[in-house]
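Quick note: the sequence shown uses the numbering used here, first residue 343, plus one each step.
In short, the hints are calculated from the structure, not lab data.
A quick note: this is a predicted structure, and the numbers were derived from the prediction, not measured.
Cβ atoms here follow ideal geometry from the backbone N, Cα and C, with glycine treated the same way.
Take these hints with a grain of salt, some might be off.
[Unchecked claim] Derived pair list, reagent style DSS-like, types lysine-lysine, alpha-carbon separation capped at 25 Å:
no.	residue 1	residue 2
1	K606	K923
2	K606	K492
3	K516	K1066
4	K1438	K1456
5	K492	K711
6	K1068	K516
7	K933	K957
8	K974	K957
9	K933	K923
10	K711	K602
11	K1072	K1048
12	K988	K606
13	K908	K928
14	K1456	K988
15	K794	K726
16	K1547	K1456
17	K974	K1438
18	K711	K725
19	K1048	K1066
20	K974	K356
21	K988	K977
22	K356	K1453
23	K934	K957
24	K602	K908
25	K1048	K575
26	K602	K575
27	K1068	K602
28	K928	K575
29	K711	K928
30	K974	K492
31	K1453	K1048
[To be verified] So the derived label-pair ranges between C-beta atoms look like this:
no.	residue 1	residue 2	range
32	A932	V1412	29 to 39 Å
33	D956	A932	21 to 31 Å
34	D956	G490	51 to 61 Å
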Amino acid sequence: MLDMTEAGPCRMRKKMVKNELFYIHYPYRPEAEGGDNRALKYKVATSFDSREYYKHWRPDSLVESDSYSPDVASVISEEWPQDGGDLSEEREIGFQGLRSKLQVNRSVSEQDDDNESMDQSSDASEQECSRKDDTPDNQSVLRLLEEGEKITHMFRCARVQGLDTYEGLLLFGKEYFYVVDGFTLLKTREIRDIDSLPANMHDPIIPNSSPKNKHQKRICSKFSYDDIREVHKRRYLLQPIALEVFSADGRNYLLVFPRKVRNKVYARFLAVATAITDSAQESLAGQRRGANVESGASLLSNLIGETSVTQRWLRGEISNFQYLMHLNTLAGRSYNDLMQYPVFPWVLADYDSEELDLNDSATFRDLCKPMGAQTSDRLEQFKKRYREWDDPHGETPPYHYGTFYSSAMIVASYLVRMEPFTQHFLRLQGGHFDLADRMFHSIKDAWLSASKHNMADVKELIPEFFYLPEFLLNSNRFDLGAKQNGVQLDNIILPAWAKGDPREFIRVHRMALESDYVSAHLHEWIDLIFGYKQQGPPAVEAVNVFHHLFYEGNVDIYNIDDPLKKNATIGFINNFGQIPKQLFKKPHPAKKLTNRTSVVDPGPIMPGLSYCHDKLFFHNLDNLKPSLHPIKELKGPVGQIIQHEKSVLAVEQNKVLIGPLYNRYVAWGFADYSLRIGPYENDRASFVWEDVPSGEILCCSCPDSKIVITAGTSSVVTVWHYDKKKLTLKRNLHGHTEPVTCLAASRPYNLIVSGSRDYTCILWDLSRLAIVRQLRGHTAPVAAVAINDLTGDIATCAGTTITLWTINGQEVASVNTATGRSDRLQQILCVAFSQLNEWDNQNVIMTGSGDGVVRMWSADYIQIPIEPKKETSSLAPVDLTSPEKPPANARNSNPGSPDQQETMAERIVRKLSAVDTDDVDSFRTQHGPPSVLVKCDSESSLSDEDADSVKSFGKGRMSPPSAATANPGWRQDERRTSLLQHSQTVVGLLNTQQNSKATLEEPQVTKSTLTIPQDSKDSQDSADDAKAATLRMSKSENSLTDSFVMITEADVVDADKHAEMRRARWRRNVLREGFRWSCQLVFRSKLTMHTAFDRKDNTEPAAVTALAVSKDHKTVYVGDARGRIFTWSVTEHPGRAMADHWVRDEGGDSCLACGVRFSFSERRHHCRNCGQLFCSRCSRFESEISRLRILKPVRVCQTCYTSLKSTGDT
């Protein structure tokens, strides 16, 4: 089920936790299986997993079976959790004293409220009289508080979560405030248990409360005043009676108070909260508290720091998603209230194409019109309803829409496959799922219903459509029924462009939200939802008028005397939704995109996006300029690198810097097993702590300035609280069976990841200090882990293998990074993410290895054949999350058969990383002998066996015609791409066209397969076609940008040529029959200068021990075992400055071509293409190099010039 705490950027909720009540809510009912009682099956909600659970846990006694004894036991254990409670407990249950012997059956789903005038009692300061009262209920509450706590203020409140409301007490203590469910405060200031009160002694705060659910738990939550991040005034039932409190650990509570009490509580919060956020960058609203969202960008407002969130968006400081979340927060939309859930727009209208064209306006929804006006037919019908409206009682003014674009039912129907929203949906639906044809089951069908087909459907989207793939899967295996056509409902049916993967749907959908078209028109949708077109004449003109009960101020439920009418009004508001608070009275300014540098780089998955050349390093992996000398040198191997403000900070191994100022460090690894904290400027420790758990400390992490996490040979992860030069043990976390070797912690996601020699990783909750889940399947001790603070993804490295996981422990992809036989020398020692624009699929994972090479990988989708499972592929990692899917390229392996030769070739390709078919299509065999790949000093060495295998292809030892005859796998429609060496410094003659006949007339070749020409005729045809295509040779084999030639304004490129390239790219992204998409880690590039052992020009190679990326993502920092730190940054002038694949000047004494020795008169010159050293005569040629985005002629050698010209001539 979904964890209700917010984590990560932009108020996202991504983490899933275990639901202990699942089999209580969805028990297996064997009586429904019989033919006579089959109708019962469709009256109750069930899960296909319940039957297996029932078989496994069914008691021997039939009486116990009928009473569901396992479930009864779990209910009892759920009342009040013990220390180290199970994962389903809320984070707020994490303090001592929770084991109080309160009455059982304390589950309160009732909304208990106080409508009585509680001014004097709710404002009762110094409630010491309550302590002296020895009533059992008073003592029960006191046992839940901190020892010695002194309550100063006490208020009645009702906590709202989804459709549930829990009445209780809000208590203010010395250092904490508490929210305790199930108790109330009488006029006599006596605390009483709500369940023990007679009905006539208690008036609920919230009228018309929902019925009690016996399985719902009461909780007591404790918040430190220092952790209060923000407090916002909120509406509930369109009345200003609520507050929403946000905590630094991700918890947020929507609290409803009696009338005329909210402002007093708000003032109390402001008085006690010591660290309320008041900066635009950290605020949930995106602006300071005093700023006006509609304020202009005047000089005065900028000087006094009152820049609004709107101005920040117009300047491009925040993304479209961030801006919409900020506006929802300002407008009172809350995750805690399904009736006021955050609302997001439909942005796309194309759910049929294999690939989205984000340059085509027809791809997008018309953002200037509401959902009811997307088609002319529906628009006219809604206008006719408004014109012809006639209310005989005169109480209801005319309106266009009787339903709303956001309601509890809409939210619950979107999220019905994921708890706890399944329970909300069932409550709204009467305890069972809706008819299958009416359930949300297809993205395309939902769009057509809301925009075209259904007059009662004008719904918009929710934020989860842009960040949470889990809600699209039926992971709980609910029996959702079958449609009339016989199709059983299961996972959500995704558009073709999602490649069958919910993660890809979320990424592309988010990319569409951030596209230029949406950025230029988003203000029109904001005018409809939050702006001046929300009400009045502009709303009538925009066909945007809803029923009057949706609007604030049109009804006051507390002034309705008729109980039937009052309940009907409350039910209408609850079921049909509420208009957001109006934020803009004037038209919202449009975002100007002129001279804007796009953050989305075109690539195979995102073709045709407008793009201006930027300086992000992962968009320019072929143009990274290494520093010639270390920028910093330490005394020992580098352990951590941090860019803070404008300086680069680094410490040795066995040290870690303490954020956010990074002016102190924590050190370990001493003979006395102590922890030491000292200033960054010197090595003199200012604090020594020797009282540490037994065993040597091997790793440490500091997610913030107050938390220190250590682990080591004792296999225990220890969490410390550091304050005032004192370390306080918070908890020891037990789970590993071998020493813990690496740690990573993320404060945005409140997550700890520990890796161990027991071949596992464990995810821990940083706030609750409890185990979440275990990551298994590693083939070696885990040596490095990293958490992406932007997406929550986790990278784990064991031996030479890197694995990418989601925050919920699902394996995304895995790859073995080893090349050649020296696997031990290539073990991964460190790993890091690029963390900018999560929708950009060119973000990389960087690994640093013992061979001194930094390798970069990206998650990409590759077509693999759907074949019966015969053997595990050596080319693609096995997808552990979907074991039923066959592995890629499963073949027979008879000794001596061509299949065995093919497997050997595929193994070479795997070791060289997957070959990008956009880079190389076939060898040029029409020039005589097949081309031979030439290895230079800058490439990773292959083993002798692999080198011989590569040569065998050039010498024709394996005849392609005979192989094709012997094995159908070599048939024409599976042409293999040619081998491309690892460093891409190819000196041979390679045919690198983009639009060959093989590409246009035959199915696309996958990146993970090997290409060998079928015959000389095919090769000749390919060569002829190459003359009419663009050059495609890439230093990074699988660069996602290499298939798109970047141009500047000064370059004149024919528009038809670009259109044809775009169409060809789309054809390559069309899924072929008999294939499926598979997400894999694809090699992008590598950094070898200074540190790589296999480069002869590196005089002092060393293992890479630390990696970091600058905040602007323009520079990569690499630390090695010698204590040196080098940088790689994007060069301003490609082809004019040093590049990583260039051989260093010290690496050659003579010209590679003619052999003349270099001297004072005979200077060295680098070929910009292969990076080798030549004399001036042998490097007098000039050519463009599109793969390096060098679009002006630069110096190249004769061999490269011939190759470039032969493939680049038109």
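Exercise. Which numbered hints does this structure break?
Worked result: 4, 5, 10, 12, 13, 16, 20, 25, 27, 30
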